[in-house]
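Chemist: Sequence:
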Amino acid sequence: MDQLPSRVREFANYLNGLLARLDQGAGWCAVFWQRDPDGMQACLGGREVPPWDVVEALLQDLATRYGPQAVARETERARFLHEDALAAYDSRPGAREDLGDRLDVTLREQRYATERLAQLGRALDAAHSREAAEALNVDLAWARDDHERATARCAELRSRIGRLEHRAELADRLRSARTTEHGGGGALFRAGGAFSTAEAGAAGAAGGPAASATGAGGGRPDGPAGKASAPAGRSAPGPADPSSANGAVAAPANGPAIPGHLHGPTPDDGATAWTPAVTPEPAPAPALAPVPDPVPAKQRKRRRGSARFAGLAEDEAVPTLVPQAPEASSGPATTGRRTPRGARFAGATEVPVRPEPAVAQPDKEAGQAVAAAVERLVRLRAEGRTGEAHALLAEVAHWGAARFPLLADALQRSGLGADWATLLWETASLPPARLVAAADALTAAGRTDDGRQILRQGVVRPATEIGEAVLALDTEGRHREVRALLDTYVQVRTPEEAAHSAEPDPQRLVPLLLRSAQAISDQRQWDLLHALRVAGLAS
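Residue numbering for the sequence shown follows our numbering, starting at 51 and increasing by one per position.
Hints in this document: simulated from the structure, not taken from any laboratory.
Keep in mind that the hints are not guaranteed to be accurate.
[As the list claims (entries may be wrong)] Estimated spans, in silico, between C-beta atoms of each pair:
#, residue 1, residue 2, range
1, Arg228, Ala168, 52 to 58 Å
2, Gly465, Ala168, 49 to 55 Å
3, Glu415, Thr125, 34 to 40 Å
4, Thr514, Ala183, 50 to 56 Å
5, Glu215, Ala183, 45 to 51 Å
Please read all numbers here as calculations on a predicted model, not as lab measurements.
Cβ atoms here follow ideal geometry from the backbone N, Cα and C, with glycine treated the same way.
Can you make the complete structure from the sequences, with help from the hints?
Modeler: Now the structure itself:
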């Protein structure tokens with residue numbers, strides 16, 4: 051799993067942690083293990099990304115166990131990680147062909163389900179006994195679910211394919227534009243040209259196609275699925291039929307479509323090559339300015355470097371963005387990159403050198419407490435007491451940050467790697483200051499990936515909640531924590547989402563957000579600035 055892209059590995063770790071909290075012999079989890087054990091193993095190992103329907107069904111199992119309130123926020127986090135993983139998965143070499151193969155399989159499933167529905171409908175009309183009619187109604191429910199699931203998956207796969215093709219088209223157009231620029235042309239980017247702002251944003255945006263609630267795609271082997279294979283239905287599996295010797299799953303009730311199989315065709319030999327895609331995301335190309343009106347000759351200034359800003363000269367008069375905010379921290383300025391200047395970048399000055407975090411040392415009782423907790427967790431897992439095990443992990447998540455590296459080592463030595471993944475998720479729910487402290491402790495102990503992971507997971511909160519947390523930290527003078535939180539937030543959230551976090555106090559938050567965005571790239575700063583203007587939070 052270490053060879054996987056970070057976003058795919060992160061989702062696989064989450065999925066392992068989710069299953070560790072479930073009774074895998076009951077509910078949808080049991081259905082998926084029965085229908086497609088190889089697919090489940092592939093998803094847990096990060097070789098496949100399951101359709102969103104599968105994740106949603108597993109979260110439904112979690113809600114049955116812990117209540118819907120406990121799962122509401124979990125669903126938001128799961129969707130965020132799932133979309134990130136899909137974007138990385140769809141950037142593989144040959145992803146377009148793979149999605150096309152999956153679409154072919156799913157279309158065959160859809161046709162088969164249509165025929166099956168018609169066949170069962172005729173059989174039901176001709177049924178001569180109540181028992182026969184009831185059995186046919188069960189089969190009809192599964193066939194109806196299969197048809198609805200296949201229809202939704204076809205739409206989702208077409209959407210993913212469309213996004214990949216659109217990105218490839220934009221890449222070709224950007225390459226053509228660069229050729230035109232070097233040849234002295236530039237009509238493509240002149241005022242009124244065919245290349246739109248939205249397309250330019252799509253070409254430069256990080257990530258890839260996101261999964262929808264209808265499923266991420268991936269079909270089942272075509273052909274009928276017998277009753278013994280327990281096809282997944284539209285809601286949680288019904289109770290076992292008391293008259294059945296093998297306790298077959300009953301027909302689905304009304305609810306969201308849930309797939310029975312997790313994935314479709316895979317490359318030969320099951321290999322997954324995690325290398326840069328054949329059609330990588332294009333880097334933002336320098337925009338060619340529109341033909342200006344004749345003016346007295348003067349030295350030309352550098353134009354902004356993105357198609358989104360074609361025609362926007364640096365020497366234009368631009369209204370003041372926001373009042374200059376006081377410096378959050380002092381320190382020598384970095385010298386590696388030129389920062390855009392002017393009123394529009396008020397508050398977004400050169401990034402100062404951040405001080406090293408002061409990591410607390412473990413207390414005297416830490417070793418003994420960690421050993422006792424892990425011993426108890428091993429016992430609870432062995433006895434199948436998953437609810438108590440999860441409660442223990444939730445309690446441990448509130449321990450001091452200095453204990454987390456010790457917990458990581460102890461859990462993994464005991465073969466409880468899935469519980470460590472669960473603990474990371476619990477830690478991501480901590481208040482921001484404690485979240486950053488835990489990330490610092492893990493990073494200082496050499497667990498950089500874990501530290502980054504809990505920061506990424508921890509910023510999956512409502513935008514205004516992030517803004518209020520940053521204001522509180524800034525008021526307390528905890529500027530390093532502010533930077534750590536916002537740097538991660540601006541990196542993993544879309545510019546539109548990040549812009550909304552400035553709503554609690556735009557005058558203070560906008561400069562901080564722009565500074566973090568500029569630390570990522572000039573393009574990210576421009577994207578965020580545009581989103582802030584659209585939201586009415588910057589002028």
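Chemist: Against each hint, give a clear statement of whether it holds in the structure.
Modeler: Okay, the hints, checked on the actual structure:
{"no.": "1", "hint": "Arg228 to Ala168: 52 to 58 Å", "verdict": "holds (55 Å)"}
{"no.": "2", "hint": "Gly465 to Ala168: 49 to 55 Å", "verdict": "holds (51 Å)"}
{"no.": "3", "hint": "Glu415 to Thr125: 34 to 40 Å", "verdict": "holds (37 Å)"}
{"no.": "4", "hint": "Thr514 to Ala183: 50 to 56 Å", "verdict": "holds (54 Å)"}
{"no.": "5", "hint": "Glu215 to Ala183: 45 to 51 Å", "verdict": "holds (47 Å)"}
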